[in-house]
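Fit chains B and C to the known structure of chain A by using the hints.
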Amino acid sequence: MSSSPVAGPAPTGPSSGAMTGPSGQPAPDRRRGPGRTGRRFRPVSAGGRNGPQRGARRGIARYWPQYLAVTPYYLIFSVFMLFPMLYTVYLAFQRWDGIGEIQFVGLQQFRFLWDDPVFWLSIRNTLVIWVLSTVPMLFMALVMAVLVNSTRRFTGFYRVALFIPSITSLVAIAIFFAAVFSNDFGLINAVLKALHLSAVPWMSNEWTIKLVIAALMTWQWTGYNAIIYLAGLQAIPSELYEAARMDGAGPVRIFFSITIPLLRPIILFTVVISTVTGLQSFTEPQVMFGSDASTNPNSGGPGRAGLTTLLYFYNQAFDNNDFGYAAAIVWSFFLLILILVIVNWRLVQHKERRP
Amino acid sequence: MDLSRRRFLEAAVLAAATAGATAACGGGAESTGGKDSKNLKLWYWAGGLSDKVVADAKKHFSGTTLKASVIGGDFKTKLLTGMKTAQTAPDITGIKGEDIASFLPNANRFLDLNSLGMDKLAPDYLSWKLKQATTQDGKLIGFPIDIGPCAVYYREDIFDKAGLPTDPVKVSAQLSTWDAYFDAGVQLHRKVPKSFLINNIGAVFSMAIGQGTRRFIDEDNTFIGDQDHIRQAWTTAVKPYTLGIDAKINDNTWNAAVAKGTVATGLGAAWYALDIQNAAPGTKGKWRVASLPSGPSNLGGSFLCLPATCANPELAFDIVKWMLSPENQARGFTDAALFPTSPAAYELPALTGGDAFFGGQKTIEIFGPAAEKIPAAYEAPADAAVSVAYFNELTSIEAKGKDPETAWKDAVSQAKQVAQRQGVK
Amino acid sequence: MNSQNRRRLRGLSVHVVLMICVVVSVFPFYWIIVMATNTSQDIYSFPPKLWFGDNLLTNIENLFAKMDFFGSLLNTMIVAVGTTLLVLFFDSLAGFAFAKYDFPAKRFLFGLLLAMYILPTQLAIIPQYEIMVQLGWLGTLKALIVPAAANAFGIFWMRQYTSTGVPDELLDAARIEGAGFFRQYWHVVLPCVRPALAFLGIYTFIAAWNDYVLPLVMLVNPDELTLQVALAQLYAGHSTDYSMVMAGVLLAVIPLVLVFTFFARGFIADATKGALR
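Chains as they are written, first to last, in our numbering: chain A, 1 to 355; chain B, 1001 to 1425; chain C, 2001 to 2277.
Next up, chain A with everything else stripped away, as it sits in the complex (with noise of 0.2 Å):
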């Protein structure tokens, strides 16, 4: 459920606060970070014309056009977002099919999922998925990023053709992997038959399963990544590497010393964007086995291997209408995804004082 502009793909930077961008990005706004925000305004409002007396007899109603200005998305987020969080939380302590009565059932929603081995199932699926996906997407960023940078032609070129995949539609790339791997006709598998090569069953073994949708994902987002990356590497003055390189250091150890570190924060930027996209894939199973819907409706392809968690959420809710397990699926997965990454954070934060 990745494409929903809210926690949309691209450029949804998240806690950016905590992030110095690198210097010399021509960026608007670069050195204030949003956590700071109120101290550095000057309050060209409040002393307006009228005066501070006139505005104290009327307490916060003058401020009334700023309120308007800022009222639709809150009241959207409270309607659309907001209430309905609060009422999944409540929805998973009831029964409920959809049409008939809510009824209270406590717990036992938890239950049934600590005891549900197909829930563990999707847990297990979303993570491998995840880092089959993200470990080689990043690296390969990295490099991309790296040699476009040692260069000066065709950069232009570069960046558009290797940022196209961002923006294309999940749905029909989808389609065209499921051809493309299609055990019995797919290009790859006429291509190792050419090469004299068994084929693989891609689309019905447990793991090849896993690593077409993160083929998928790494294809989507890796030049996104890497256009990202050279954004940061561009920043770095060059004068470093020049005094490294006086110093004797050969190429990979100047990557190591001075790009990576330098680069740390744009790279835990995209670690987690990469997560949050990452452990919210739905739309590749779900597209990619939708055509074998009639006897298993989303039930993410052979064997279950593709059955992320929120393809099973979706399972639960729509197909069998079970909306209070359902409910209890999603927020403890979204509670789950939370402790892995503040543990993250802690490893990272931790590993950051030392030295």
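No lab work stands behind these hints: they were computed from the structure. Hints may be right or wrong, so weigh each one.
As the list claims (entries may be wrong) - Here's a subset of chain C near chain B, in silico, CB distances under 10 Å, partners left out:
hint: 1; residue: 2011
hint: 2; residue: 2012
hint: 3; residue: 2015
hint: 4; residue: 2066
hint: 5; residue: 2216
hint: 6; residue: 2222
hint: 7; residue: 2229
hint: 8; residue: 2230
The structure presented is a predicted model; accordingly, all values stated were derived computationally and were not measured. Think of the CB as a built atom: it goes at the ideal place given N, C-alpha and C, for glycine as much as any other residue.
Structure of chains B and C alone, referenced to chain A:
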């Protein structure tokens, strides 16, 4: 890149206003007045009804605007979504055979067809099929479109190459039991190594379940999916896997496999013929139909239902009645492989004639007797949801080489849990 | 001379590697065209055809028989354009208020904005679905446009741009002339923030165009589907006819890619800015 400020603001305000205005109207327009609208919405899925019969129904009921929509995706999900509100709900809708049981607890969301005159027509239709759409207090919510008497579809040419009989009567005689069928499969795969007997073992399992009179949950709402009758069906299903005559196809490559002859037989209901024809038009004339090993079984077979919000119940029922008359059911058979639910149709030339796709075979000779002998089993509302666990574990055997015994245990424990979640004892 | 050769060689190998990456990036588009211009039989056969065929028109004909392509295209356009205009308007207005004004609870509201933007939408999707039922919006495009009409990222982005891109002197001048908040927005802010709007607009448009989950849940009737959902259903229902499905994929993907390449340079520069913020 720049936007004209004025045009942008105008457009934004306009968009906001339209959204608001239409929202306001949408809320108010719900009360459509009396139940005599001449505009009716019909929902079905591709192949659920004969498109020709639907087109003719539009002409036949000339004073009516019948808006027929072929709904894609998962039909049951879409129907449940659509039925949430009166303005999105269809006036006539198809419901698949495997889903009808899950709608019975909410029968009040549908009209009772008996009160619209179905009680008088009932003797003309198969009683066991009507029973599937009848609630315990006697409300009938579905008009049966078709049934799914099952058979073995086989490639005559591949059977010939493998030294097996090719004539439907002889094939039916030789493949009289599941074991005999699997033996033939072993011989076939040995002689023609690129061909397998079946596409996947889930197909065998669903056939074997359908041959019994009990399924996963009994009339007292008790889970019986761990009992012998299910266990036996499971054992039968696993056999072809162990024998190596299972093509293990669980994805869309089935189409290509059928076209290429990777699968030499297929287990399916009467409507399966249409799937084969769509997947592999090039194999015309090479297929034949034989009786199902170990007795008849039913798979699917759908209904037309009238949601309670139906804008004109009398007219809607007339349309349904007309579309599913014996004559039109016979056309549905020729056009969309929908096997009639009205025995009167079995005498009509459309069914008694030969089918060119099957080399001119009169397939009614296989399906007709099967249709009459189908065992009627009680299907609980949660039956379909519970059965999913078994099918998923069967694909796990095929995909991961999971030990069948472990798979059985996992399937039962998962099924039990799903049953519990659905309120089954 | 020798070292110069070596440098040249190294430069060349960089380009070779990068060209391979580019080929991998754009290969799917080439192969989609190959599949869409041949017949399904060609796709199934071995060895596969590697070059464009002449069956595109037949495939498109078959496609139009199976799916209301232009209807879906129109729905997608309505959703994408509607969402984009509303987002641009609401986000730039809120961004202006946050960037240039102080008002009580501002820090709290802005903090909320940032916290909310990592929350996954699917935590809300079941009740959202019920809310749409209650509003009578289920199965209409409103159910897609309204929840997306303003978003945290856009407000954040517009605030960042507005606070440096709109000179305080101009605002002060407008204020002296007696312009209130909304007139300042109209006469001073909007003209200044056009580049930021252009990026946000393209970004929102692409996200709305490609959105799959919300339309999948909210839409029912074939005549109200967006392209993405229609395409997925086409594939699920008719994967027998691959070349026809691929013709649909081609038609659904090409317009957006063309539009994107047209705006690409500025967009990518802004996208990295957004990320590095």
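For each hint, the structure was consulted:
1. For the restraint placing residue 2011 of chain C at the interface with chain B, the shortest Cβ-Cβ distance is roughly 33 Å, beyond the 10 Å limit, so the hint is violated.
2. For the restraint placing residue 2012 of chain C at the interface with chain B, the shortest Cβ-Cβ distance is roughly 35 Å, beyond the 10 Å limit, so the hint is violated.
3. Contact between residue 2015 of chain C and chain B, as hinted, is not supported at the beta carbon level, the nearest pair being about 30 Å apart and thus beyond 10 Å.
4. The criterion of a C-beta within 10 Å of any C-beta in chain B is met by residue 2066 of chain C, whose closest approach is roughly 8 Å, and the hint holds.
5. Taking 10 Å as the C-beta contact cut-off toward chain B, the hint placing residue 2216 of chain C at the interface holds, the least distance being around 8 Å.
6. Contact between residue 2222 of chain C and chain B, as hinted, is supported at the beta carbon level, the nearest pair being about 5 Å apart and thus within 10 Å.
7. The beta carbon of residue 2229 of chain C is positioned within 10 Å of a beta carbon in chain B (closest approach about 8 Å), and the interface hint is therefore held.
8. Using the Cβ-Cβ criterion of 10 Å, the hint placing residue 2230 of chain C at the interface with chain B is satisfied: the shortest such distance is roughly 8 Å.
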